[in-house]
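Colleague: Residue-level listing of the chains:
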Amino acid sequence: MRPDIYALPRLSRRFFPIWQRNFLVWRKIAAASVIGHIADPMIYMIGLGYGLGSLVPEMGGTSYMLFLAGGTVCYSTMNSASFEALYSGFARMHEQRTWEAILNTPVTLDDIVLSEILWAASKSLMSGIAVLAVVWLFGLSHTWLSLWAIPLALLVGLCFASIGLIMTALAPSYDFFLYYFTLVITPMMLLCGVFFPVAQLPPVLQIVSAALPLSHAIDLARPLLSGVVPTQALLHFGVLLGYALVGYYVSLVLFRRRLGR
Amino acid sequence: MITVISARQLRKSYSGQTVVDGLDLTIRRGECFGLLGPNGAGKTTTLRLLLGLIAPDSGELSLLGEPVPQRAREARLKVGVVPQIDNLDPDFTVAENLLVYGRYFGMKDAAIEARIPALLEFANLANKRDAKVPTLSGGMKRRLTLARALVNDPDIIFLDEPTTGLDPQARHLIWQRLRELTAQGKTLLLTTHFMDEAERLCHRLAVMDQGRLITEGTPRELIEQNIEPQVVEVFGEGVEAWVAEHAARYAARYEISGETAFCYVTDAAPLLAHLHGHPTLRFLHRPANLEDVFLKLTGREMRE
Ligand SMILES: Nc1ncnc2c1ncn2[C@@H]1O[C@H](COP(=O)(O)OP(=O)(O)O)[C@@H](O)[C@H]1O
Ligand SMILES: [Mg+2]
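These protein sequence lines map, in sequence, to chains A and B.
Those letters in the first sequence? Residues 1 to 261, per this note's numbering, in order.
Those letters in the second sequence? Residues 1001 to 1304, per this note's numbering, in order.
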């Protein structure tokens, strides 16, 4: 009798009006949001890039600035999707009861979760494009291959939105998200080669790093910005997609358990 | 008469606690049906079951001819919902709330825009079109929620405690609007714990307690079938002693609540004559109403 909470996602086009809704909210604060997307990576790259860059003129075969840019594209997109999926998603689900309002219409929870992921990934896309703009503005990258960073930002967004929504589905309150950021996101930033090559880590941590999605994102982004076709691109792509799909399914099951009973 | 909502032996429990317990419900097209019950009776859960938002443990359900929850999505195309707790979009203006909500029903922007003026007129919000939701009063928010529930021109409207927390003026305006909807032929299913609301608005009522329907009928039937027609409320100094000594002789049934004795009688004359001669007691004689029925059926003790 009960629809199985473990059923595969039931896809429908009815997710789109929810994406539109989020976009309309975003449009009202678009200016601040765009400035944030640009200023954040800029501050990093100016601060760390010039500061460390003068001490470490070269890293991984490129300038430290370009090395940092590859990390920052992924780090920024990861952060955008994570904040959107966790804090804003929780506000829509819990605090503002937006989901509750939507569920009274012909839209289902499956549609909502899909639209949340796509919306958070859209934020990543914006953030990825902003970082890329900064990279070009600084004259760091001179290759058309760097344009691949744009679809990559979308994929990284899908990946971290899906994982982030698992946290949202489990969260009793906003405080819960602090664990995720201090225990998952920050270590990921340090272990996955945003600021220095993973090869500098002890072997055990290198193994951990290889299992984390951000490493795979950076292994794609860094060569692309340098104008080199990434090695093992299919593997990296597959890992990111895998995380996205598993995260989507797990979060959907958890949301069904939380809200649909 | 066409049945638009039907529930058979509906059951739902949460971690061992039965919240809806063998509920049978039939609602006909065009009627205003009231689901009454104290806090925690299971009213909201029943509505969520009927909308297909949660699945019952057992039982059969249909909404507008569609089996629920299997085809609840299709059924909800023609349903409007006013939830118990406001969930308007705080980031949007009044008109944007309606536009965005209409899109969830798959309506085209132009079709929604065309409906917005009439909806705002209906909700007395025509001059608030571009106001942001947080600037609205409680009554305005409720009216906007009602307008939002009508954006898809529904056949049935679910209203979960539509006037709880509103001041009398705001309540009366909502009541007037709900009567207009009934006059237009819409089916209304509303939950409430205000008996005056139920008595004024509803064609038929069901009283629910602890997940079970205790009784069902028109407001008049409920009063006639469940309770003596006359009530004499007795209060004042010495009421307890008076009850102990005399109440049973004059009243078929009586209850004491706080400082007042409620005497339920078929013929009030002997009791009134007796009370007229009493030096300290005061009293109020009135016909029995729905609140008396409700309190008789669900008890006088506090819930929550
Ligand atoms: N999702 C849920 N999980 C656990 N208990 C619930 C849930 N929803 C409702 N209940 C319980 O079911 C009972 C009936 O709740 P509800 O239907 O909201 O009553 P009413 O609307 O009549 O006040 C309450 O005791 C409430 O705590
Ligand atoms: Mg309720």
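Calculated from the structure, these hints are not laboratory results.
The beta carbon of each residue, even a glycine, is placed where N, CA and C say it ideally should be.
Please note that a few of the clues may not be correct.
Here are the simulated SDA-like pairs of lysine to any residue, each with C-alpha atoms no more than 20 Å apart in a straight line [what the hints assert, rightly or not]:
#1 B/K1078 with B/I1116
#2 B/K1132 with A/R97
#3 B/K1078 with A/E100
From chain A, some residues computed to sit far from chain B (all C-beta separations above 10 Å) [claimed, not checked]:
#4 Y6
#5 P17
#6 L137
#7 M189
A partial selection of chain A residues facing chain B, derived with a Cβ cut-off under 8 Å [stated by the list, open to error]:
#8 L24
#9 R27
#10 S54
#11 L55
#12 V56
#13 M59
#14 Q96
#15 T98
#16 R258
Colleague: Compare the structure with each hint and give your call.
Modeller: Consistency of the hints with the structure:
1. B/K1078 with B/I1116: 18 Å, holds
2. B/K1132 with A/R97: 17 Å, holds
3. B/K1078 with A/E100: 17 Å, holds
4. Y6: At about 14 Å from chain B, A/Y6 clears the 10 Å cut-off, so the statement holds.
5. P17: 4 Å, violated
6. L137: Check passes; 32 Å lies beyond 10 Å.
7. M189: 31 Å, holds
8. L24: Nearest chain B Cβ about 7 Å off; hint holds.
9. R27: Cβ of A/R27 sits 10 Å from chain B, so the hint is violated.
10. S54: Hint violated; A/S54 Cβ to chain B Cβ min 45 Å, cut 8 Å.
11. L55: For A/L55, the interface hint is violated, since the closest Cβ of chain B sits about 46 Å away, which is over 8 Å.
12. V56: 45 Å, violated
13. M59: 43 Å, violated
14. Q96: 6 Å, holds
15. T98: 6 Å, holds
16. R258: Since chain B brings no Cβ nearer than about 12 Å to A/R258, farther than 8 Å, the hint is violated.
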